[in-house]
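S.K.: What follows is each chain in one-letter form.
There are 2 protein chains.
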Amino acid sequence: MTIVNEYRPVEIYFGEGAVKKAGEVGRRFGFKALIVTGRKSTKVSGALDKLTKSLDEHGIRYVIYDEITPNPTDKQVNKGADIAVREKVDFIIGIGGGSVLDAAKAISIVSSNEGYAWDYVRYPEGSRLIPYLNRPVITIPTTAGTGSEVNRYSVLTNPMTKEKMVISHSLNYPKVALVDPELTYTMSPELTAITGFDALMHALESLTNKRENFIAEEYAIKAAELIAKWLPVAYEEPENKKARRYMSYAAMLAGIAIDHLGVALIHAMEHPVSGHYPDVAHAEGLSALSTYITAFNYKGNPEKYALFAKLMGEEEKPHRAVDALVKFIERFNLPKTLEELGVEKEKLERLAEDVYMCGRTAFAVNPVEVDMDAVYELYERAYEGKL
Amino acid sequence: MTIVNEYRPVEIYFGEGAVKKAGEVGRRFGFKALIVTGRKSTKVSGALDKLTKSLDEHGIRYVIYDEITPNPTDKQVNKGADIAVREKVDFIIGIGGGSVLDAAKAISIVSSNEGYAWDYVRYPEGSRLIPYLNRPVITIPTTAGTGSEVNRYSVLTNPMTKEKMVISHSLNYPKVALVDPELTYTMSPELTAITGFDALMHALESLTNKRENFIAEEYAIKAAELIAKWLPVAYEEPENKKARRYMSYAAMLAGIAIDHLGVALIHAMEHPVSGHYPDVAHAEGLSALSTYITAFNYKGNPEKYALFAKLMGEEEKPHRAVDALVKFIERFNLPKTLEELGVEKEKLERLAEDVYMCGRTAFAVNPVEVDMDAVYELYERAYEGKL
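Chains Y and E, in that order, give the protein sequences.
For what it's worth, this note's numbering labels the leading residue of the first sequence as 1, then goes sequentially.
For what it's worth, this note's numbering labels the leading residue of the second sequence as 1, then goes sequentially.
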């Protein structure tokens, strides 16, 4: 066995009502917060009110920056960082889905250091920026999917170049995650399914890629098992306490798994899709690509794909992983092809080129060797629905 | 469900050869280390040589302080802190069993702050000392039992008063744990068994006490399961790679479990024993007390004791937890009574008083209500071997 690393610097509060901890936890970091959120859902659902009530009770002032969209841009981050600096906030709270949490973390980096958001994508670890000088971040997920609440990743899109790239740096860890399953009760069945699928892809890709870390793999295994068992229940019964709890927990575990093990080709090939088509949600892209890529990948790590199939309730055979995904996507009515998502056939070549530009880290760990032709062919299959 | 907290600030490198990471990791913290260790075993086993070789390769100078004994004293810590200050070391490395790791962590606190070691037992959390001003600590366990490598506890004895008390503070976390199962290969079967029993008691008490934390409880469950399976193998085959690996892993998990959930009456009643009889190893005391206290406790949390029994390979019934321990102690020839350990009968009353002085935290979470009479009676039973 190689030496494995486990590093989990994010303090977690998990449970129904955890959002109410925001004021108490915030007081560790200061007296004024920037709340980062999206335009609508946290207001409609009441999540934002719960948060501000807790801050009020602890005498914490706040400024709300509510302009984060799905597939958040570097410009949105830069603007948030400007506000953080101008308003002299002590810390940052992200409340929302993955896009919001990704943005909140990046706003901390940009507001506490030199430069702009895009300077920090692929920023190397070694440069010894000093984490405790950063504005601390509290993450409060309102979906059960992203895992961003507990890891070092922020995926940002540059709308000028259509590039979608990742900040992956220890500076980018939040300090505290408040994981409150109650905040997910208001998700529609559709949103429940698609965000749950995101978490499932984190579990699948971290488990099956070439990296090895038996500790983190256990998180991925546990996550896949819980999603297979509880997503159907959360989908049918939005207020089923146990189902929501286990989905929030699974998403968090999968987020920790990818923090240690990274992802692979499904993610690498998805990023250009939602990069060029910002109306496509990340997890929709994952869904439309996942079966074709899994059919291509499973021979590279038969043991782990067989395990994944078993966790999903299928026979423990590598190729059953594909069947498991097909059924899963069918059951929750998730996207099956790129065409459905509005991707244009003539764009496929450009997407393939972008994978080469932006997705090389995931490439290196993919269970099967990939080249440009293979990527293009997989896009074609995913476009045409040819398994 | 209550809101549970998970905080795991210690970075872990786990695997055969992890000790060789010391130089590379140490360079994050500076150029001169204080190595804290015991008088003999790390020298004989070659563990200390592996460590210093790695430091040499990375140009890190070091001073060795090798005076830590089992049941380490506050005076040993104060002396180590003096050396750390005088020698202007940048960081501290503890290499050894639980006593050494406990001492190394406390040396960091005392050498980086005001006062003496004994000022920090029961030191309250709220006082906001600043962790990053502390000398960073690297822990390198050479046994598989203590779990001290990953948690905030240091158990110290004051030889003047015979008190045995605990530093439990977030300042007391090591920065990095290098958990290298190879360093445990040289343990005798006896030491393997007794230190493994220590880890098992961490799992048992964290799982069954009144505190609840489903995340941390999973660590305790996993630890108990692994110990039941792999301690017999490690006991028979000292160089069985898998057995040693899983025992090191289990001890670490159990150490994380008690960090979140604390212990209970077995630990509270053991501390006065090895406090008054410093030649008694902590885990020997645990062994001599465990069956009697479990027989007293199991009705307070029948579900969890039944689970523990099952994890140990017994029928899933609460009282089977006692049987499991009896068999376990028998199998590994561990101490069965206080009398065997040289405890004097006329001391039992004093021990019971000391539990009241020093053990109240564990009291409060014990599955069953305890009073002075109950403690005395349990000591009597453990003395006489009356289950």
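There's no promise every hint is true.
The list makes no distinction among identical chains, and a pair is therefore deemed to hold if it is satisfied within one copy or across any two copies.
What the hints assert, rightly or not - Capping the alpha-carbon separation at 27 Å, the derived lysine-lysine pairs in DSSO-like fashion look like this:
{"id": "1", "residue 1": "K53", "residue 2": "K386"}
{"id": "2", "residue 1": "K347", "residue 2": "K210"}
{"id": "3", "residue 1": "K53", "residue 2": "K347"}
{"id": "4", "residue 1": "K229", "residue 2": "K32"}
{"id": "5", "residue 1": "K241", "residue 2": "K210"}
{"id": "6", "residue 1": "K327", "residue 2": "K242"}
{"id": "7", "residue 1": "K162", "residue 2": "K50"}
{"id": "8", "residue 1": "K347", "residue 2": "K222"}
{"id": "9", "residue 1": "K336", "residue 2": "K347"}
{"id": "10", "residue 1": "K345", "residue 2": "K241"}
It should be emphasised that the hints constitute simulated quantities derived from the structure, not laboratory data.
S.K.: Work down the list of hints and note, for each, if the structure agrees.
M.R.: Outcome of the hint check:
{"no.": "1", "hint": "K53 <-> K386", "in the structure": "neither (51 Å within a copy, 57 Å between copies)"}
{"no.": "2", "hint": "K347 <-> K210", "in the structure": "neither (30 Å within a copy, 60 Å between copies)"}
{"no.": "3", "hint": "K53 <-> K347", "in the structure": "neither (47 Å within a copy, 56 Å between copies)"}
{"no.": "4", "hint": "K229 <-> K32", "in the structure": "neither (41 Å within a copy, 52 Å between copies)"}
{"no.": "5", "hint": "K241 <-> K210", "in the structure": "between (36 Å within a copy, 23 Å between copies)"}
{"no.": "6", "hint": "K327 <-> K242", "in the structure": "within (24 Å within a copy, 37 Å between copies)"}
{"no.": "7", "hint": "K162 <-> K50", "in the structure": "neither (36 Å within a copy, 51 Å between copies)"}
{"no.": "8", "hint": "K347 <-> K222", "in the structure": "neither (37 Å within a copy, 49 Å between copies)"}
{"no.": "9", "hint": "K336 <-> K347", "in the structure": "within (18 Å within a copy, 75 Å between copies)"}
{"no.": "10", "hint": "K345 <-> K241", "in the structure": "neither (43 Å within a copy, 54 Å between copies)"}
The structure shown violates the earlier hints numbered 1, 2, 3, 4, 7, 8, 10.
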